[in-house]
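Asker: Line by line, the protein sequences are chains P and E. The working numbering numbers the first residue of the first sequence as 3 and each following residue consecutively. The working numbering numbers the first residue of the second sequence as 42 and each following residue consecutively.
No wet-lab data here; the hints were simulated from the structure. A hint or two may mislead.
Output of the computed footprint for chain P on chain E, the stretches with three or more beta carbons under 8 Å from beta carbons of chain P [as the list claims (entries may be wrong)]:
#1 211-217
#2 229-235
#3 305-313
A few chain P positions that, by computed beta-carbon distances, are all more than 10 Å from chain E [what the hints assert, rightly or not]:
#4 Asp6
#5 Ser167
#6 Asp183
#7 His190
#8 Leu240
Calculated lysine to any residue pairs in the SDA-like style (CA-CA distance at most 20 Å, straight line) [said to hold, decoys possible]:
#9 E/Lys313 <-> P/Asp93
#10 E/Lys313 <-> E/Ile241
#11 E/Lys314 <-> E/Val213
#12 E/Lys313 <-> P/Gly141
#13 P/Lys13 <-> P/Gly32
#14 E/Lys314 <-> P/His133
#15 E/Lys253 <-> E/Ala273
#16 E/Lys314 <-> P/Leu95
#17 E/Lys307 <-> E/Ser242
#18 E/Lys314 <-> P/Ala132
#19 E/Lys314 <-> P/Thr96
A quick note: this is a predicted structure, and the numbers were derived from the prediction, not measured. Glycine is no exception: its CB is placed at the ideal position from the N, C-alpha and C atoms.
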Amino acid sequence: MSSDITVSDLKKTFAGGARRARSNAPLFDGLSLSITAGELVALVGPSGCGKSTMLNLVAGLDRPDRGEIRFDHGQADIDLSVVFQQPRLLDWLTVEDNIRVVFERDGKKKGNAAHITHDLLARVGLTEHAHTYPQFLSGGQRQRVAIARAFAISPDILLLDEPFSALDELTARRLRLLLQDLWLGEGHRPTGILVTHNMLEAAFLADRIYVLSGRPATFSSIIDVDLPRPRSLDDPVLFDVHRRIMQALT
Amino acid sequence: MTDAAVTVTAPAPALARLKTGLRWRALAAASLPQIAFFVFLALSWEGMARWLHSPLVPDIATIAREFLLICKNGFVLQEIGATFVRMSLGFLVALVVAFPIGIASALSRTAARFFEPGIILGLTVPGLVWALLCVIWFGVSLASPVISVALGVLPSLVISVQHGVNSLSVEVIEMSRVFRLHRTAVLRRIWVPWLYAFMISGCRVGFSLAWKVIVLVEIFGMSNGVGYQLNAQFSTQNVEGVIAWTLAFWLTMILIERGVFRPLEKHANRWKKGSSHE
Numbered sequence: 003m004s005s006d007i008t009v010s011d012l013k014k015t016f017a018g019g020a021r022r023a024r025s026n027a028p029l030f031d032g033l034s035l036s037i038t039a040g041e042l043v044a045l046v047g048p049s050g051c052g053k054s055t056m057l058n059l060v061a062g063l064d065r066p067d068r069g070e071i072r073f074d075h076g077q078a079d080i081d082l083s084v085v086f087q088q089p090r091l092l093d094w095l096t097v098e099d100n101i102r103v104v105f106e107r108d109g110k111k112k113g114n115a116a117h118i119t120h121d122l123l124a125r126v127g128l129t130e131h132a133h134t135y136p137q138f139l140s141g142g143q144r145q146r147v148a149i150a151r152a153f154a155i156s157p158d159i160l161l162l163d164e165p166f167s168a169l170d171e172l173t174a175r176r177l178r179l180l181l182q183d184l185w186l187g188e189g190h191r192p193t194g195i196l197v198t199h200n201m202l203e204a205a206f207l208a209d210r211i212y213v214l215s216g217r218p219a220t221f222s223s224i225i226d227v228d229l230p231r232p233r234s235l236d237d238p239v240l241f242d243v244h245r246r247i248m249q250a251l252t
Numbered sequence: 042m043t044d045a046a047v048t049v050t051a052p053a054p055a056l057a058r059l060k061t062g063l064r065w066r067a068l069a070a071a072s073l074p075q076i077a078f079f080v081f082l083a084l085s086w087e088g089m090a091r092w093l094h095s096p097l098v099p100d101i102a103t104i105a106r107e108f109l110l111i112c113k114n115g116f117v118l119q120e121i122g123a124t125f126v127r128m129s130l131g132f133l134v135a136l137v138v139a140f141p142i143g144i145a146s147a148l149s150r151t152a153a154r155f156f157e158p159g160i161i162l163g164l165t166v167p168g169l170v171w172a173l174l175c176v177i178w179f180g181v182s183l184a185s186p187v188i189s190v191a192l193g194v195l196p197s198l199v200i201s202v203q204h205g206v207n208s209l210s211v212e213v214i215e216m217s218r219v220f221r222l223h224r225t226a227v228l229r230r231i232w233v234p235w236l237y238a239f240m241i242s243g244c245r246v247g248f249s250l251a252w253k254v255i256v257l258v259e260i261f262g263m264s265n266g267v268g269y270q271l272n273a274q275f276s277t278q279n280v281e282g283v284i285a286w287t288l289a290f291w292l293t294m295i296l297i298e299r300g301v302f303r304p305l306e307k308h309a310n311r312w313k314k315g316s317s318h319e
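Pulled out of the complex, with its shape left as it was, chain P reads as follows (with noise of 0.2 Å):
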């Protein structure tokens, strides 16, 4: 099942390090944000204004200062998947392998792994890739790899973190559509938290748009796309709420 994802109150400093001169402003001080299970949100916002760091935070790879995130289910029921913005693959195992490994997870039933891994190569076009290992794969078809994975575990949350910036326009374009397609394939759609840099894909995935800036950061706009899906990437309203975002962001 999906889950709420509800941040509330949170702080988080940075202490020392490159940012010294800067240091001592937190990043966030009582920021909260709430989403509505099957949600997609996209954060957006200039560089630095922790995007990032709000996703590694309900990713669990680090810990607030103050406040909580809190999903449905305690946070080790959660099933949680991320798409990097580096495939982060294993490239000494298979395409193959590197889907079914999230299978051999922390007291999870391993389910029909075979099947489901047969059945995302399919739809994300690489059957013919599985037996190969990702370093010989270009760097979309390694990207593709990495968003079967994260939609193998049915997750009740996915997130996003800048997954197409390291790609060329077109592949990025091919994946977005590829992305919309296995998200609204899946039974329950994962809660998605996206962060990117890139306008027309926070209109063309996110059901609301979240504007971050400052420091500490707050949200200095927040834009509903309440646009039909599945989308196409050339609908003019895109267009609009970019040009609605940009207006935010300067």
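Following the hints, complete the assembly by docking chain E onto the known chain P.
Answerer: Leaving out everything else, chain E in the frame of chain P:
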């Protein structure tokens, strides 16, 4: 396109011939330079022997006669076998000890600081010292060669493991955490294959170090093995004997390199792009 058409329409025997031809060419490319080296070495040696005309530099025929003599009844294999068992045991002991120390040093700064003086000590002390001390302490027993080889090889293996653990990217670890991979999956699917690929070259260096130590132990405290034989030939001033035994061991090492390390390395690196070359 043209290539594909040729391949498809070529009759089977022609295709087979083409394949065989390519295989021969690859084999020749791989072995001719090495054969050339042997020929060059033999010719230079022979030239030197004739020019110096000294019993200290025996000619190729004399060395060959001596080599055949030690090969008689498989004697050379017996002695090399004894040396290899000792070397391998010592090497395995070092490998088993190197893993926990290397992993601990990679994961904990305190552990790294704790082990660092020991590693430097190990790197500094010559194999000769380990050989002497072990012969003094353990006498003519299997413990002497095994322990001295293990001590001689350990520091470089620890460094290898430590580098291997450190070089796995944090991003992969984060991925395994996000997907909450089971501990055994992390070990089996991430650490073991990663370290396997990383350690092969470390093991190769370690094995050659082991040889340098074992010879010394056998010279001082063993009654058989290649080191003992080298010493025996030396004490009777039999230069061709020393050369023949060295030659035998060298050939064995080439066989091990080709038969064990190369295939292992190829297997461990099969997933790397550009690893298919010899």
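Asker: Could you run down the list of hints and mark each one as holding or not?
Answerer: So, going through the hints one by one against the coordinates:
{"no.": "1", "hint": "211-217", "result": "holds (count 4)"}
{"no.": "2", "hint": "229-235", "result": "holds (count 4)"}
{"no.": "3", "hint": "305-313", "result": "holds (count 3)"}
{"no.": "4", "hint": "Asp6", "result": "holds, 19 Å"}
{"no.": "5", "hint": "Ser167", "result": "holds, 15 Å"}
{"no.": "6", "hint": "Asp183", "result": "holds, 22 Å"}
{"no.": "7", "hint": "His190", "result": "holds, 19 Å"}
{"no.": "8", "hint": "Leu240", "result": "holds, 30 Å"}
{"no.": "9", "hint": "E/Lys313 <-> P/Asp93", "result": "holds, 8 Å"}
{"no.": "10", "hint": "E/Lys313 <-> E/Ile241", "result": "holds, 14 Å"}
{"no.": "11", "hint": "E/Lys314 <-> E/Val213", "result": "holds, 19 Å"}
{"no.": "12", "hint": "E/Lys313 <-> P/Gly141", "result": "holds, 15 Å"}
{"no.": "13", "hint": "P/Lys13 <-> P/Gly32", "result": "holds, 6 Å"}
{"no.": "14", "hint": "E/Lys314 <-> P/His133", "result": "holds, 14 Å"}
{"no.": "15", "hint": "E/Lys253 <-> E/Ala273", "result": "holds, 17 Å"}
{"no.": "16", "hint": "E/Lys314 <-> P/Leu95", "result": "holds, 13 Å"}
{"no.": "17", "hint": "E/Lys307 <-> E/Ser242", "result": "holds, 11 Å"}
{"no.": "18", "hint": "E/Lys314 <-> P/Ala132", "result": "holds, 17 Å"}
{"no.": "19", "hint": "E/Lys314 <-> P/Thr96", "result": "holds, 13 Å"}
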